[in-house]
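Trainee: Starting from the known structure of chain A, arrange chain B on it as the hints suggest.
If you're matching them up, the sequences are chains A and B in order.
Reminder that position 94 of the first sequence reads as 94 in the numbering used here, one-by-one numbering, no gaps.
Reminder that position 22 of the second sequence reads as 22 in the numbering used here, one-by-one numbering, no gaps.
Rather than coming from a laboratory, the hints here were simulated on the basis of the structure.
Keep in mind that this is a model prediction, so the values were computed, not measured.
Even glycine gets a Cβ: it sits at the ideal position worked out from N, Cα and C.
Any given hint could turn out to be false.
[Said to hold, decoys possible] Label-pair ranges, simulated between beta-carbon atoms: (1) A:Thr52 with B:Gly70: 24 to 34 Å; (2) B:Arg50 with A:Thr138: 27 to 37 Å; (3) A:Arg120 with B:Arg50: 24 to 34 Å.
As a plain string of letters, each chain reads:
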Amino acid sequence: MYIPLEDGEKILAQVHRHWWFILMRVFGAILLALVPVAIVVVAVWAGVVIFTIIGVMALIAIIALWVLVVWTFFWQFWTTYYMDIWVVTNHRVIDIDYHRLFDRDIAILRLNQVEDISTRMQGVLPWLLRYGSVSIQTAGSNREFLIDQIANPEGLRDIISKASSELRSQKTGI
Amino acid sequence: MCYYRHMTPLPFGNFPIPIDISPLVVGIIFVLVGIFVAAISVILIYHWRRFPFEYERFKWVERVYLSGTGALLAIAAASVIASIQGY
Numbered sequence: 001m002y003i004p005l006e007d008g009e010k011i012l013a014q015v016h017r018h019w020w021f022i023l024m025r026v027f028g029a030i031l032l033a034l035v036p037v038a039i040v041v042v043a044v045w046a047g048v049v050i051f052t053i054i055g056v057m058a059l060i061a062i063i064a065l066w067v068l069v070v071w072t073f074f075w076q077f078w079t080t081y082y083m084d085i086w087v088v089t090n091h092r093v094i095d096i097d098y099h100r101l102f103d104r105d106i107a108i109l110r111l112n113q114v115e116d117i118s119t120r121m122q123g124v125l126p127w128l129l130r131y132g133s134v135s136i137q138t139a140g141s142n143r144e145f146l147i148d149q150i151a152n153p154e155g156l157r158d159i160i161s162k163a164s165s166e167l168r169s170q171k172t173g174i
Numbered sequence: 001m002c003y004y005r006h007m008t009p010l011p012f013g014n015f016p017i018p019i020d021i022s023p024l025v026v027g028i029i030f031v032l033v034g035i036f037v038a039a040i041s042v043i044l045i046y047h048w049r050r051f052p053f054e055y056e057r058f059k060w061v062e063r064v065y066l067s068g069t070g071a072l073l074a075i076a077a078a079s080v081i082a083s084i085q086g087y
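With the rest of the complex left out, here is chain B:
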């Protein structure tokens, strides 16, 4: 087993445990979550647009939902790209 310089040998293990998440794994998770979110978004917007009451409110809801989803996807995408580029 390889020991890192900053590791402290303890009776019950060596801490801290170095976590090195592969950018490839993160990229795959990003794609899978992206597909899931896209599918759910289509279903939700389909339901909202078909609802016969309070149409103006649903237009506002759609904007909030898409803004939030877009912002979170942008943060995730930027972080994935940064991890691939080695930052």
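Isolated chain A (complex conformation):
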């Protein structure tokens, strides 16, 4: 594991980007897989091309290979989507940002540095599908920690806020 948990550290939430973003990829992949099939069907139906029996078998093989390439690319997109994850523990917020395969950023924010948490849902689609962003202002730095395009940002804000308060009360003994 490339992020070992600390003693007494428990995972409270694991958050991915909203499912809408992978659904768009699914539609894109289905469309891309069906395009050559549709072109061939229309061309044969319109009488523009004709296939021999051997040609039909070869065509099935080529279409299957095309769908296989699209399938492989889809899983590559899914991997970068799904591995883009925010993990909230009772000590930290860990942001694993997969730009593409073999290109990964990991940022860690300690909950005792949290000053202010805000959420934002901007636009009609985010309001309908209930996705948005959570931004965390940290103490001693101007840097903003942004958790973007996630489902139920208010729920995550409450989890982080509660964990941060509990950590502070443990440290101060109140």
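Mentor: For chain B alone, coordinates are given in the frame of chain A:
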């Protein structure tokens, strides 16, 4: 130019155009795509197995991915063999 019996002479060309894909060409495409897919599969499975969270879900994903890939490769291989045998 050779004309097929079913071809209709038209002012802008002769249709339908007979498409006769060589089994050798399809075989070469099959091998190249097979190498590409094998390489990508190794990379994807490497990433999935190294991911520290939700390991059970990734085991399930791996099964789905390999089943789909295997099914599509089997369809392609059967079609390549059929085209080589002259069906």
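Trainee: A separate judgement is required for each hint: does it hold in the structure or not?
Mentor: Evaluation of the provided hints:
At roughly 29 Å, the beta-carbon separation of Thr52 of chain A and Gly70 of chain B lies within the given 24 to 34 Å, and the hint holds. Judged by the Cβ atoms, the range 27 to 37 Å given for Arg50 of chain B and Thr138 of chain A holds: they are separated by roughly 29 Å. Our hint of 24 to 34 Å for Arg120 of chain A and Arg50 of chain B holds, since their Cβ atoms are close to 33 Å apart.
Against the hints set out earlier in the document, no violation occurs for any number.
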